[in-house]
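Visitor: In order, the protein sequences belong to chains A and B.
The first sequence begins at 1 in the working numbering and counts up by one.
The second sequence begins at 160 in the working numbering and counts up by one.
Simulated from the structure, these hints should not be mistaken for laboratory data.
For glycine and all other residues, C-beta sits at the position ideal for the given N, C-alpha and C.
Among the hints, erroneous ones may be present.
One side of the interface only, derived from the structure: several residues of chain B facing chain A at Cβ under 7 angstroms [said to hold, decoys possible]:
#1 THR173
#2 SER174
#3 ALA177
#4 CYS215
#5 PHE327
#6 GLU352
#7 SER430
#8 GLY445
#9 ARG447
#10 THR504
#11 SER506
#12 GLY507
#13 ASN512
#14 SER590
Short derived list, chain A residues pointing at chain B, Cβ under 10 angstroms [as the list claims (entries may be wrong)]:
#15 GLN14
#16 ILE20
#17 ILE22
#18 SER60
#19 LEU64
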Amino acid sequence: MEQRLEGILNNYLQNEGNVISILQDIENEFGYLPEDAISWISDRLDVPPARFYGIATFYSQFHLKPRGKHCITACTGTACHVKGSEWLISSLTSELHLLPDEDTTEDRKFTVEKVNCLGACSIAPVVVIDKEVYGKMSSDRLMKLVKKLEKKESEKEKA
Amino acid sequence: MSTSSVEIKVCLGTSGNAAGGEEVLRLFRHYVFDRAVEARIGTRCEFRKVGCRGFCSKDVLVDVIINGSKTTYQSVKPIMVERIVDDHIVGGGPIPEWMAGDEYTSFHSKQYKIILGPCGEIDPENIDDYIRMNGYRAARKAVTKMTPDGVIDVVTQSGLRGRGGSGFSTGEKWRICRGQKNDTRYIIGNVGEVNRALAEGNPHAIIEGLLIGGYAIGAQKGYLYIRERYHLSVERLRTALDQARDKGFIGKDIFGSGFDFNIEFSFGTESFICGEETALMESIEGKRAMPRYRPPFPAEKGLWGMPTVINNAETFSNIPLIIGMGADWFSSIGTAESKGTKVFTLSGKVKNNGLVEIPMGMPLREIVYSIGGGIAGNRKLKAVQVGGPSGGIIPESMIDMGLDYESLRKVGSIVGSGGMVVFDDEDCIVSVTKFFVEFLQRESCGECTPCRIGTKRMLELLIKITDGTGEIEDLDTLNRLSGIMTASSLCGLGRTASNPFITSFNHFRDEYLAHIRDKKCPAGVCPALVVFMVVPEKCKGCGLCRKACPAGAVTGEIKKAHDINQELCIKCGACYKVCKLKAIKKQ
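If we strip away everything but chain B, and leave its shape as in the complex, we get (with noise of 0.2 angstroms):
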């Protein structure tokens, strides 16, 4: 860094463009011109546009740094620029009051990111930012250095396991690929939801960690699987990829050693049983996203019926950086069966909602707590799910336990595409459940019967507990159910369907037994087991549940109680959510 230097970094994320960042970084490019700041401050600015830094609830986000001393603004508005380029570019004095706070802290101080370090530091439209950081140094490294076999010991002794999935070692993954006789061989990055700020924000680590994979199976072609609608993403990687191309890391004879390897994209479709392998290379081929049968496994016999690796998004981010580092920096991160980190969405109820990664093992309370910044509103922890729609709850007695593949298996949940998400006491564990069996139902491909049937009747069970009319024989069949269709069901998507109920009802049993028995759901969510009352003692008759009732339903006049007619209810809630004065009760 030079002596005296102005940089200014904008978080261009998804998020950060909801938030309005374009116009922000706009704003500030414009009053630096118009005011001739370069000119005054004797120092040229540099605007950067950055990924996303996972802290998406503050966005956007803006990075101020003068002479490498950083300033981080949050919720920046389109409005806030002229002051902060007057006052502290220019006038050299930071604005405390639009300064990221303690919340900023501490949802980073516990993180700790080694794939999304640079989501949030460099341009990501920029390979030359990318180079700077030692960018595909490692592919260099691999490919005129290493042999193949080399490349996959590494990655073996490394530790580290698929990010998608059910955890296989990827080192072990790659040899049995590269034991194949076939000279054809496959390697596919699946970019998934979790893997979207990475795509936006590091790109080029995805394309490097793909190239390092491509040569050591001996892959001549890659394809980069993701979803059509991830404009944002989609963009990222062309760009990257024509940046990679245009500089001979990909194509012919990268790094002057004859390795040739081309990588291409494949749009995918927006359905959840892309994630299964099987499934993903039969959407690639042009067909319905059908699981094969196997074995044979996609590692002998994959896209076209040749070996075929597939990994995703973030299991290739890490391997530039075993390869770079080595593989005793990385398996020193982590448990001593899970290494390295695991990046999570956090959401929910928790106070900081956002993208974070943290080193496998770490206790479930210090994400909700120290990264998550507790439970918003001041309300009580009830449980969390991890692992996506077909993970596991995880009751608020267990948040103690630690974060890895072991541990979460253990408790009937998965480390999935690591979806995280956080419940409070005015969620119903019920309903929670019958939301992600729907999910499951609906994307279940319809191939084999125990998924496709179980699904179904497992929906109908739950949807008529959660109606008032289910009886104490519907657990004993949704318990039957589960054990049929975590045992025989063809792919993943139906062996772990039943997770979300096992785990509910084992930690949740008395919620179940209250709709079924006493006909009440206890969080007040269920629309056919709740009454909206209004409490007489508290209203002050301001109208407000009034004007927010959809259905016409409250009557009242200015200054008096007003009265819910239950005729009329819904039991939307609306009345709930806007009354100031707790004059609402649910029961």
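For reference, chain A alone in the conformation it holds in the complex (with noise of 0.2 angstroms):
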């Protein structure tokens, strides 16, 4: 881990960077902050953890738990919204046995997020999984999806 956050830590030096893309870049490197890695961070430029979370916690881009490894995002924008973005939520949160309070199924392997408006708002329902962007979604073929993907986690569990 400290190598991996030397890179950033210089890489930061080196371009006048910022709280905000110092944090960007952890959490690209871990795909969240983890509390070691903030601690770190800290202890080295002498700013004191506060900073950190303060800003971590007032974007929610941030995450300070790790995520699952199949991201699923749906859109709830006005649009999106309208045309029954809510809906897919609840289902896609019944499917994999999530809690109200919790985005990460226990094995870590999905996570649910919501986001405000991707801007797409002519093909709503949108919803991003894996980076792949989903128009005009609907309930089945997102169960569709996301039974897939669970079934190839399945497999490459077996092997």
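Put the two chains together into one complex, using the hints given.
Guide: Given below as structure tokens:
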């Protein structure tokens, strides 16, 4: 971990980066913001950890807990809402057995998240699965896609 | 255009990609090569990936242009490509049943595309395409033949106003910034949701606009502020910026004039408040996006304490056109106070969803019925919400109003982000308002009390009303809260957060009263106030609703009338949606 953080720190010092960009780099590197990473960076830069957490908890793009391997993002912008995005999310959470305050499955295979607006309103409702954008999503089609991923994951486990 | 040419344009914006556009383009290349099409027809085929042309609900859109005559195909699937190549490109006979029909024509005929025009025509990843359309000519003219003040004069005369927020005169903003004594100045282009298509379809126009703006205010550095999540926009802008640098349009001694200007990316975050100028600057500086007090205004004291101009990408896209074609040309479009065009994302219950560009002042009716093709499923139009979450809700009775800054302000709405959502009689206005307030409450940065607490209390009251426990006094409280928030919030988010409530309450008072007094949701949306029931006379017992019900609340034998167990029913409406016989009623 230290080696990876060293790289991020160097990049930060060279490019006159700021706290947000360093957190973005850590998030990109580890998929979330590990507590150890923040303590390490905070020690090295002599910046109190509170400053990092203050920013990390302000912006929804940062995560303090590990995320699932597959990320399913449902757009909940107005256009998607009107076309039933809530319904998609509730079918997702029930399919993946997520509790109301959970966003990641216990086995860390899936994370379900909401996003404000992806700006693709004309193909609402929009769901992004692992960076791939799907438009005009229906609950049936979404379940099929999720089941396919689940199957792929369980096959991998067997192998 | 040469006398013999074949050009194939495939729409590859976010939506085109989502519909399988990459594969469609790959197959066109494949078949043309595989069948030696170029040799057989004796001409070269050019393939072009183009940006979004707005009509995303019919993606993938493909233009086949043979000797200048264009045929547009809609909803092209990979499987259809082979026949288009064989029958049309080789055989010379277009395939009528796949061609874009009346909807496509009516969607486009009322629009006036000055900035979206090139999207869908040029390859956004090829700077030469842009240059061929007079790209960077305006920048050259500004930098080599005009003084900065001359540029500002033209922009001011054109009447261009900021396309993002309050509609402040762009030229004025630039002049204030230029008038500051500091040597260091910054210019920022904010690429928001609605600007996505511009960034994906014609990124060079944004860069050229930023460059001209930088020259006019005397900035050395510009920022493109964009959400990291908009992968395709980021990619296309990055490519465009690299190409512009290679050509010497960005960098040192631009056009040999001695003017140096550089552009950098600043990756924004998922945050609505970043649409507020000062919050955006805080975010670029690496802090929490919390708005600053003003004055001083950003044009006086902005990023890193230096004079800064922030405009959004749509505003910047207009700049090369204004410099190139003149202030008079631009101000001939639109109304007396609102010049030019505006891009809206038309969505919701209209037939044709998409990105539309209209001259300012066009009546809302024309957008909904001519461009949007009317309400889907032949239902009744109820209201249109304009301006994003903090915009106002405009009822059906007022849809003859024109869309411009002044008219929208008069009805309690804003141009805002250019969002436009159409609601039909199946949408509950109270629930919709709750949705907007919920969003604004979540996005409130928490800095000032009226907005932080006001949005929260407002949401609680709206939840109470939709849950069926609302009281008449709650409406007074909501009105009082709205007044306080509008008058005393620090920034635009708080000041406009009550727009959805105020406008919806003014126009749909009866609906609020029905929720509170009669404990009924007239549109049948609010779960606590609606009951789903089977109409036994109409039910043929097909079992569709039984299969659709996620809670197992529907029971019944095949070919016999079904029944809904009210204790198990979660009021999701799935049965209502699947029933083809209208045998399920909402009450």
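Visitor: Hints first: check each against the structure and report whether it holds.
Guide: Hint-by-hint comparison with the structure:
Hint on B:THR173 holds. Least Cβ distance to chain A is approximately 5 angstroms, under the 7 angstroms limit. About 5 angstroms separates the beta-carbon of B:SER174 from the nearest beta-carbon of chain A, less than 7 angstroms, and the hint is met. With a cut of 7 angstroms, the hint placing B:ALA177 at the interface with chain A holds, because the nearest CB-to-CB distance is about 4 angstroms. Interface hint status for B:CYS215: upheld, as the beta-carbon distance to the closest one in chain A is roughly 4 angstroms, under 7 angstroms.
Here the hint on B:PHE327 is broken, as its CB sits about 23 angstroms from the closest CB of chain A, past 7 angstroms. A hinted interface residue such as B:GLU352 counts as satisfied when its beta carbon comes closer than 7 angstroms to some beta carbon of chain A; here the least separation is about 4 angstroms, so the hint holds. Residue-level restraint check for B:SER430 holds (minimum Cβ-Cβ distance to chain A is 6 angstroms; threshold 7 angstroms). About 2 angstroms separates the beta-carbon of B:GLY445 from the nearest beta-carbon of chain A, less than 7 angstroms, and the hint is met.
Among the interface hints, the one on B:ARG447 holds; its C-beta lies about 5 angstroms from the nearest C-beta in chain A, closer than the 7 angstroms criterion. The beta carbon of B:THR504 is positioned within 7 angstroms of a beta carbon in chain A (closest approach about 5 angstroms), and the interface hint is therefore held. For B:SER506, the interface hint holds, since its Cβ comes within 7 angstroms of a Cβ in chain A; the closest pair sits about 4 angstroms apart. Satisfaction of the interface hint for B:GLY507 is found here, the shortest Cβ-Cβ separation to chain A being roughly 5 angstroms, below the 7 angstroms cut-off.
Because the beta carbon of B:ASN512 sits about 4 angstroms from the nearest beta carbon in chain A, less than 7 angstroms, this interface hint is met. Taken as an interface hint, B:SER590 does not check out: its beta carbon lies about 10 angstroms from the nearest beta carbon of chain A, beyond 7 angstroms. Checking A:GLN14 against chain B: minimum C-beta separation of about 15 angstroms lies over 10 angstroms; hint violated. Restraint check, A:ILE20 versus chain B: the minimum CB separation of about 5 angstroms is within 10 angstroms; hint holds.
With a least beta-carbon distance of about 8 angstroms to chain B, the hint placing A:ILE22 at the interface is held under the 10 angstroms criterion. With its C-beta approaching chain B no nearer than about 5 angstroms, A:SER60 sits inside the 10 angstroms limit, and its interface hint holds. This hint is violated: A:LEU64 has a C-beta 15 angstroms from the nearest C-beta of chain B, more than the 10 angstroms allowed.
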